[in-house]
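Based on the hints, put chain A in the right spot on chain G.
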Amino acid sequence: MSILRTTDLKKHYGSPGSDAVSVRALDGVDLAVERGEFVSVVGSSGSGKSTLLHLLGGLDRPTAGQVEIGGQPIFAMRDDELTIFRRRHIGFVFQSYNLVPVLTVEENILLPLELDRARPDGPFVDQVIAMLGLSNRRRSLPDQLSGGQQQRVAIARALAAKPAIILADEPTGNLDSRGGMDVMGLLKISGERFGQTIVLITHNPEIAQLADRTIRIEDGRIVL
Amino acid sequence: MRTGGKLAQRLDAMLDDALAGRFRVEDYDESLLSKIESKMAKLLDAADLRQTRIEDEQRRVHSLISDISHQTRTPLANVSLYAQLLLEQDLDEPQAGLAAQILANADKLGFLVQSLVNTSRLESGLIRMAPRPADARELVRAAVAGCLADAASKDIRLAIALGDGPLLASFDPRWCGEALVNIIDNAIKYTPQGGQVTVGAESYEMFVRIDVSDTGRGIREADLPKVFGRFWRAEESADDPGSGVGLYLARQIIIGCGGYIKAQSEPGLGSVFSVFLSKMKDDRKIPARTVVQAGRANTSQRPEGPL
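Residue numbers (my numbering), protein chains in the order written: chain G, 1 to 224; chain A, 1 to 307.
No lab work stands behind these hints: they were computed from the structure.
We put the CB at the ideal spot given by N, CA and C, even for glycine.
There may be inaccurate statements among the hints.
[To be verified] Chain G residues, not near chain A, derived (Cβ > 12 Å throughout):
1. Lys10
2. Tyr13
3. Val23
4. Arg24
5. Leu31
6. Ser45
7. His54
8. Asp60
9. Arg61
10. Pro101
11. Thr104
12. Leu110
13. Leu111
14. Asp169
15. Gly173
16. Asp182
[What the hints assert, rightly or not] Listed next, the in silico DMTMM-like pairs over lysine to aspartate or glutamate satisfying Cα-Cα at most 25 Å (straight line):
17. G/Lys10 - G/Glu170
18. A/Lys226 - G/Glu34
19. A/Lys226 - G/Asp169
20. A/Lys39 - G/Asp116
21. A/Lys42 - G/Asp116
22. A/Lys39 - G/Glu170
23. A/Lys189 - A/Asp155
24. A/Lys35 - G/Asp169
25. A/Lys39 - G/Asp126
26. A/Lys42 - A/Asp12
27. A/Lys35 - G/Glu107
28. G/Lys10 - G/Glu218
29. A/Lys39 - G/Glu34
30. A/Lys6 - G/Glu81
31. A/Lys154 - A/Glu178
32. G/Lys10 - G/Asp121
33. A/Lys35 - G/Asp126
34. A/Lys42 - G/Glu34
35. A/Lys35 - G/Asp79
36. A/Lys226 - G/Glu218
37. A/Lys108 - A/Asp135
38. A/Lys6 - G/Asp169
39. A/Lys35 - A/Asp12
40. A/Lys42 - G/Asp121
So here's chain G without its partners, still in its complex pose (with noise of 0.2 Å):
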């Protein structure tokens, strides 16, 4: 069964009806991602790789098309449903971290879970957290970290929730390529150990290549 599918997945720019030409950001996506695999989706800038990632997050919605995550259409849903949905259903790692500046490593990590008033699996979280090598920066602050380890930590809070996946996009554009081998392995070897299906965007062939599988966009659309 795929954890994660859309049909024929369509955003368009433009004003209907204004002689403006319309964008075809994505243009007709037809892609399956089954449960565990890990996923990259790479292609230059502008072709539609970031706006696949925000459908398939539901961070936005599409002009046609859907997303089913876990055979729930999610663009069916209203928008206070996939809110709920989204924060318990799937993670995200962006190139910034996001982390909350005032919370130490740990209350970061285990925000999206208080969140959902949601009780968080202790032993669980401590695996994640031992396995990201963030044992002992539990009570660090973010900004007494390194750009990776915050990474690191950005990784355990969308693994904590235990999502039905994870929308990684270019985790590794503020690292350097040290940082980021490091960052990437870990997402790897995370995603492996805790059978986590992961979908990664990024430009860079290298980091790419160590998916399961790797998908080009190009102009809107899937090229094989």
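Just chain A, lined up with the frame of chain G:
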């Protein structure tokens, strides 16, 4: 008797749906019921997954291991033995050459079978990696020493580039040694006579990185994601010796030790294969990832099926 109200009725209906295999989450709001639905979906999924996994695993264990190891190893050993006996006879030169070919190819096949047996044992969890803290420099030195003869026979310079101080990481020295030898062996195989293969290592915050770089023909970018696939061989190397199983096994071993592996290449100039060994000590044994088919992989360990 009271039924317990609406919540209980809904729970009852959910369980009926679950038993019939048609359970779906219907509500997304902040209510308790919505949370229960969500958790139930996770639970059902996890159960499903475990069942599939057990069945898959049993199939793999039975077919691969018994077929490959028991059915082929003994006759193969006999082929080697008889070829050796034949070589001890009073043969003329062309005959001796033919017998030597039989022996060489039987050995090659023996190596392939052994690699396959190791691979399937890793996949089925019959062998578990036992990572422990060790010095990656020793790993590099031992693997390079094991490949010196092969390199010399092709007139390839095999060099080591290591910094000072130990490079502590967590790995299974015996198996990772085999993995590294496979990678170096591969580099030697695809580097022309007079070329160079260098094995270096350095330390990152979370990983020790070992690079095997060569001055060989390189790999096309489109082929890079495929090089670790089982039995994958580049079209242009169809005539070279090799089985396409060495890098695949290397990858399985490194993953089994909690590390990862990648390749980069400049066609015409050479390739670099990089092994990343985790510095985290981990006493939980991680099973090697089970691979359904080359290039498409699945994880074998899932504490909980999400969603």
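To see whether the hints hold, each was checked on the structure:
1. Lys10: At about 24 Å from chain A, lysine 10 of chain G clears the 12 Å cut-off, so the statement holds.
2. Tyr13: 28 Å, holds
3. Val23: Correct as stated: the minimum Cβ-Cβ distance to chain A is 29 Å, above 12 Å.
4. Arg24: Check passes; 26 Å lies beyond 12 Å.
5. Leu31: 15 Å, holds
6. Ser45: The claim holds: serine 45 of chain G sits with its nearest Cβ about 18 Å from chain A, beyond 12 Å.
7. His54: With a cut-off of 12 Å, histidine 54 of chain G remains clear of chain A, as the shortest Cβ separation is near 20 Å.
8. Asp60: 18 Å, holds
9. Arg61: At roughly 16 Å from the nearest Cβ of chain A, arginine 61 of chain G sits farther out than 12 Å, so the non-interface label holds.
10. Pro101: 22 Å, holds
11. Thr104: 20 Å, holds
12. Leu110: Correct as stated: the minimum Cβ-Cβ distance to chain A is 17 Å, above 12 Å.
13. Leu111: 17 Å, holds
14. Asp169: For aspartate 169 of chain G, whose nearest Cβ neighbour in chain A is about 20 Å away, the distance exceeds 12 Å, so it holds.
15. Gly173: Non-interface label on glycine 173 of chain G holds, nearest chain A Cβ at 18 Å vs cutoff 12 Å.
16. Asp182: 4 Å, violated
17. G/Lys10 - G/Glu170: Measuring from Cα to Cα gives roughly 22 Å; hence the hint holds.
18. A/Lys226 - G/Glu34: 19 Å, holds
19. A/Lys226 - G/Asp169: Given that 25 Å is the threshold and the Cα spacing comes to 24 Å, the pair holds.
20. A/Lys39 - G/Asp116: Given that 25 Å is the threshold and the Cα spacing comes to 13 Å, the pair holds.
21. A/Lys42 - G/Asp116: 16 Å, holds
22. A/Lys39 - G/Glu170: 31 Å, violated
23. A/Lys189 - A/Asp155: Roughly 12 Å separates the two Cα atoms, so the pair holds.
24. A/Lys35 - G/Asp169: 29 Å, violated
25. A/Lys39 - G/Asp126: Given pair lysine 39 of chain A, aspartate 126 of chain G holds - Cα atoms ~21 Å apart, limit 25 Å.
26. A/Lys42 - A/Asp12: 17 Å, holds
27. A/Lys35 - G/Glu107: Distance of about 22 Å is within 25 Å: holds.
28. G/Lys10 - G/Glu218: Judged against 25 Å, a Cα distance of about 14 Å means the pair holds.
29. A/Lys39 - G/Glu34: Distance ~20 Å between lysine 39 of chain A and glutamate 34 of chain G Cα, so the pair holds.
30. A/Lys6 - G/Glu81: 22 Å, holds
31. A/Lys154 - A/Glu178: 21 Å, holds
32. G/Lys10 - G/Asp121: Violated - the C-alpha atoms of aspartate 121 of chain G and lysine 10 of chain G are around 38 Å apart, more than 25 Å.
33. A/Lys35 - G/Asp126: 23 Å, holds
34. A/Lys42 - G/Glu34: Holds: lysine 42 of chain A and glutamate 34 of chain G sit about 16 Å apart, inside 25 Å.
35. A/Lys35 - G/Asp79: Roughly 18 Å between the alpha carbons, so the hint for lysine 35 of chain A and aspartate 79 of chain G holds.
36. A/Lys226 - G/Glu218: 21 Å, holds
37. A/Lys108 - A/Asp135: 31 Å, violated
38. A/Lys6 - G/Asp169: 43 Å, violated
39. A/Lys35 - A/Asp12: 15 Å, holds
40. A/Lys42 - G/Asp121: 14 Å, holds
Checked against the numbered hints above, the structure breaks hints 16, 22, 24, 32, 37, 38 and satisfies the rest.
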